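Since chain A is already given, all that's left is putting chain B on it; use the hints.
From first to last, the protein sequence lines stand for chains A and B.
For the first sequence, counting from 1, position 282 maps to 1318 in the working numbering; every step adds exactly one.
For the second sequence, counting from 1, position 372 maps to 484 in the working numbering; every step adds exactly one.
Incorrect hints may appear among the rest.
Label pairs and their in silico Cβ distance ranges [to be verified]:
| id | chain 1 | residue 1 | chain 2 | residue 2 | range |
| --- | --- | --- | --- | --- | --- |
| 1 | B | Leu300 | A | Arg1341 | 19 to 29 Å |
| 2 | A | Arg1397 | B | Thr242 | 26 to 36 Å |
| 3 | A | Ser1047 | B | Pro279 | 49 to 59 Å |
| 4 | A | Ala1052 | B | Glu185 | 17 to 27 Å |
| 5 | B | Glu185 | A | Pro1057 | 28 to 38 Å |
Calculated from the model, a selection of chain B residues having no Cβ within reach of chain A, i.e. all distances over 10 Å [unchecked claim]:
| id | residue |
| --- | --- |
| 6 | Pro219 |
| 7 | Pro265 |
| 8 | Asp302 |
| 9 | Pro440 |
| 10 | Glu448 |
| 11 | Glu465 |
| 12 | Asp502 |
| 13 | Glu509 |
| 14 | Ser512 |
| 15 | Ser517 |
Source of the hints: derived by calculation from the structure; they are not laboratory data.
Quick caveat: nothing in here was measured; it's all calculated off a predicted structure.
In this text, a Cβ means the ideal position worked out from N, Cα and C, and glycines have one as well.
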Amino acid sequence: MTETAATVDRSGPPPAGPLEPYRFPAFGRRALAGGLQVLAAPVARAPLVDLSLVLPAGGRFDPPGGAGLATLVSALLDEGTEARSALEIAGAVERLGGRLETGADWNVATISVRLLAEFLEEGLRLLAELLLTPTFPADEVERTRRQRLTDLLRRQDRPGVVASDHFNALVYGDTTYGRPLVGVPEDVRSVDRQTLVGFYRRHYAPGSATLIGVGELDPEGFAGLAAEVLGNASPGEAPAASEIAPPPAGRRVRVVDRPGAAQCELRVGHAGVPRTHPDWTALSVLDTLLGGKFTSRLNLNLRERHGFTYGVSSRFVPRLGPGPFVVNTAVANPVAGAAVREVLAELERLREAPVSEDELRDTKSYVLGVFPYTLQTVSGVLYHLENLTVYGLPDDHYAPERYLERLEAITAEEVLRVSRERVHPDRAAIVAVGPAAELVPQLEGLGELEVVGM
Amino acid sequence: MPTLHSTLHDAAIRPQEVTVHTLDNGLRVVLHPDRRLPLAAVNLWYHVGSKNERPGLTGFAHLFEHMLFQGSEHVSGTDHFRYLQQVGGVANGSTWYDRTNYYETLPAHQLDLGLWLESDRMGFFLPALTSEKLETQRSVVMNERRQRVDNQPYGLASERIHELLYPPDHPYHWPVIGYMEDIAAASLDDVREFFVTHYAPSNAVLTLAGSFDPDDALARAERWFGGLPRGPVPPPVAPPDPDFGGERRERLTDDVQLSRVYLAFQAPPYGEPGWYAADLLARVLTSGKSSLLHEDLVYRRELARNVAAYVLPTELTAPFTVVATANPDRRPEELERSVAEHLERVAADGPREEDLERARNRVLSGLYEDLQTLDARADLLSQHATFFDDPRRAFDEAASYDAVSAEDVQRFARRHLVEGGRAVVTVVPREEVG
Chain A
1037 MTETAATVDR SGPPPAGPLE PYRFPAFGRR ALAGGLQVLA APVARAPLVD LSLVLPAGGR
1097 FDPPGGAGLA TLVSALLDEG TEARSALEIA GAVERLGGRL ETGADWNVAT ISVRLLAEFL
1157 EEGLRLLAEL LLTPTFPADE VERTRRQRLT DLLRRQDRPG VVASDHFNAL VYGDTTYGRP
1217 LVGVPEDVRS VDRQTLVGFY RRHYAPGSAT LIGVGELDPE GFAGLAAEVL GNASPGEAPA
1277 ASEIAPPPAG RRVRVVDRPG AAQCELRVGH AGVPRTHPDW TALSVLDTLL GGKFTSRLNL
1337 NLRERHGFTY GVSSRFVPRL GPGPFVVNTA VANPVAGAAV REVLAELERL REAPVSEDEL
1397 RDTKSYVLGV FPYTLQTVSG VLYHLENLTV YGLPDDHYAP ERYLERLEAI TAEEVLRVSR
1457 ERVHPDRAAI VAVGPAAELV PQLEGLGELE VVGM
Chain B
113 MPTLHSTLHD AAIRPQEVTV HTLDNGLRVV LHPDRRLPLA AVNLWYHVGS KNERPGLTGF
173 AHLFEHMLFQ GSEHVSGTDH FRYLQQVGGV ANGSTWYDRT NYYETLPAHQ LDLGLWLESD
233 RMGFFLPALT SEKLETQRSV VMNERRQRVD NQPYGLASER IHELLYPPDH PYHWPVIGYM
293 EDIAAASLDD VREFFVTHYA PSNAVLTLAG SFDPDDALAR AERWFGGLPR GPVPPPVAPP
353 DPDFGGERRE RLTDDVQLSR VYLAFQAPPY GEPGWYAADL LARVLTSGKS SLLHEDLVYR
413 RELARNVAAY VLPTELTAPF TVVATANPDR RPEELERSVA EHLERVAADG PREEDLERAR
473 NRVLSGLYED LQTLDARADL LSQHATFFDD PRRAFDEAAS YDAVSAEDVQ RFARRHLVEG
533 GRAVVTVVPR EEVG
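Just chain A, same shape as in the assembly (with noise of 0.2 Å):
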């Protein structure tokens, strides 16, 4: 290195070195007796261990009048087992200094602890426990239907909240999807126990659950104390889910009244593809590209050239069914009507030329570069791996070569033709959340216009 602080060279962005590629920790997979899957990856980022149990039990499942259904059976997992009450769970947790968690997004619902590696036995016996054996308590069952009634009397305080359920409403209208995760007071006010329980037995059959651990553990080990503490579980399949056919429409608009915002939610998309749609990829592509990263068309337009907003971004979601393709941004009440202006000529401008090789070199490289940040975490481990669990992608998938071969196939053209066939400005639904007085007016024009209040 000949250059000193004295005639370093400023002028340009400095030469790169030569690159390291990244590995994706390597993972063994194993099936047990009752078809239970066992992934375990040994990865030494930490003295700790991240288990989690996958189970087909999302909210793609809750059926009509029971909106929150999934989400509620979750919840209720860690309130009482044969062996303990919620009480006594939560302190074994906490004593250990670990954190449980139990959920359900709309694919599938997670049982999962993360703690010190010298516990991963007792972590591992809780997460059974949980499967295996919860009682849901009637008193317990009460408290968290109040807490739920709760929760859900408070989304609309949350104007971003209130612009989402409105746009999911009427994008999907009356299938799931339309409805929130959390449910709607009127159904979680009437399900009853019977219910929950009869979802838990449908839904959380040991035979059709994944167990993934991460971290700090030896593979022989772990699958042989999940044989131990699993292994003689019921066998069992996931149930079907009925498919989710959202209703066509033209472009239309939404302005939900909220007299005195300080801002305006804007929402502007439809219905997307399943993330098992062989142009995923494509779209990934196409995301990043239009509002997936600071420099995107949406955020150099809205933001850094208009000063319209703190942040724009838009995004295929993934799902099993075919989940949204929204653009989200919140601006200033005064320029709504141009901020939506601009959204939708971005989306006709990715259907009129194809993009740059320069756009579509910077996105991909982007793309891969970003990806082994993840990788610093026992929780990102986790989180690619549940991936390829729900989505049933093959082992290999973020291996770097999977990935840049992947990347590779996508040309201009590739991204021309999923945006003619996938992004579609003229068949928009548009929610604004803000003071109708000054949103009406400058929204007009853009699709038949409803008004609601809060």
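Just chain B, lined up with the frame of chain A:
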């Protein structure tokens, strides 16, 4: 039989390699090699924050942070993010009471890119400053304020509690993001003066963490930053005494469904033994379902939907806050009284040993979790270098928690939560008010 806590502590935060160097211009360079992933974290702390502002010019340090991403002499417009994102870098910055940080995590072979960008804006920011850039960022920051505070439930209450806890001329009185009228009034001259006063190498710490050879990394840091001029010593902040006796109370209405009460108290500054006693007490009170306030107020009595206690790691003095949201049809006065009863009990009897152990174990587990990423480690190293002139202290913080006894916690509770002054803000739903 070793106690759980001693087991955790023996495992402790594993010894980490950390070296410190000071360049001729006063810039401290902290190096922490870690070759497990092909990544490098670049982290820069400037020892300036909202505490260096004055009434009438609040929010300025944060607005300035935005300006520093708008380019410098050799980096135009939004090229800062473009160069980083092109190679898969992740970058951001943040402003707080006592400091402003700028950071990026990059593929390891792009370390020079991060060093070039940071040194260019440290040394060559002014030539690229334009009023057009200021106007756009002013608009962005105003939107940020609306999005994070004005349009959020309880947003204004969370500002009001600090306004009550600290007198108007105390640097912690006003919010970091500042007031809308001050953001509107900031001028280009203010920006220039701020840069010259505070953004000097001698007022900064540069930490590099990740896959590199430390001698090579130091040579690179010297190459990119060594030629920058030293800069002035910024004027010290001389805060008025924040202590006050008695109570300051206010009742607000907001567009919310549930009432909420904030109670705030003074705690010793971050780094002092009393601060660690306060932090452990906060966790004894509200960390986890089996914590004191959660078990009583949320689970058993269903008085509150949730409750949180925390103490901020701030330099001049630290606010210790308890926030509790009431369930529907429960009065915030009853909630406040129940919280106060718990605080009085701890002040009288101290915490139970098992509760203290649980809190300590949660802290240690949390440190392990947080320190998995390079950027978190780099930021912690910069923090300890800035506040204590000792980056290695970052990995010894477990010892500070170990040193806290039940009596220490009791003494803190008595002196600061019962005998000391307090600020209380109560928020009630707008519909309730006639």
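Check on aspartate 502 (chain B) being off the interface with chain A, judged by Cβ distance over 10 Å: Aspartate 502 (chain B) clear of chain A: closest Cβ-Cβ about 23 Å, beyond 10 Å.
Closest CB of chain A to the CB of serine 512 (chain B) still more than 10 Å away: Given that every Cβ of chain A is farther than 10 Å from that of serine 512 (chain B), nearest at about 17 Å, it holds.
Satisfaction of the hinted span 17 to 27 Å by the C-beta atoms belonging to alanine 1052 (chain A) and glutamate 185 (chain B): Holds - the Cβ-Cβ distance for alanine 1052 (chain A) and glutamate 185 (chain B), about 22 Å, lies within 17 to 27 Å.
Status of proline 265 (chain B), Cβ more than 10 Å from any chain A Cβ: Proline 265 (chain B) not clear of chain A: closest Cβ-Cβ about 4 Å, inside 10 Å.
Hint check for proline 279 (chain B) and serine 1047 (chain A) - Cβ pair distance inside 49 to 59 Å: 50 Å Cβ-Cβ, so the 49 to 59 Å window holds.
Chain A versus glutamate 509 (chain B) - minimum CB to CB distance exceeding 10 Å, so not interface: Its Cβ never comes within 10 Å of chain A, the nearest being 15 Å, so this holds.
Glutamate 185 (chain B) versus proline 1057 (chain A) beta-carbon gap, inside 28 to 38 Å or not: 35 Å, holds
19 to 29 Å as the expected CB spacing between arginine 1341 (chain A) and leucine 300 (chain B), which holds or is violated: 20 Å, holds
Minimum Cβ-Cβ distance from glutamate 465 (chain B) to chain A exceeds 10 Å: Its Cβ never comes within 10 Å of chain A, the nearest being 12 Å, so this holds.
Assertion that glutamate 448 (chain B) lies farther than 10 Å from chain A (Cβ): 19 Å, holds
Whether aspartate 302 (chain B) stays farther than 10 Å from all C-beta atoms of chain A, as the label says: Holds: least Cβ distance 19 Å, greater than 10 Å.
Verdict on proline 440 (chain B) as a residue remote from chain A, using beta-carbon distances over 10 Å: Label violated. Min Cβ-Cβ 6 Å, cutoff 10 Å.
The structure fails to meet hints 6, 7, 9 from the earlier list, while all remaining hints are met.
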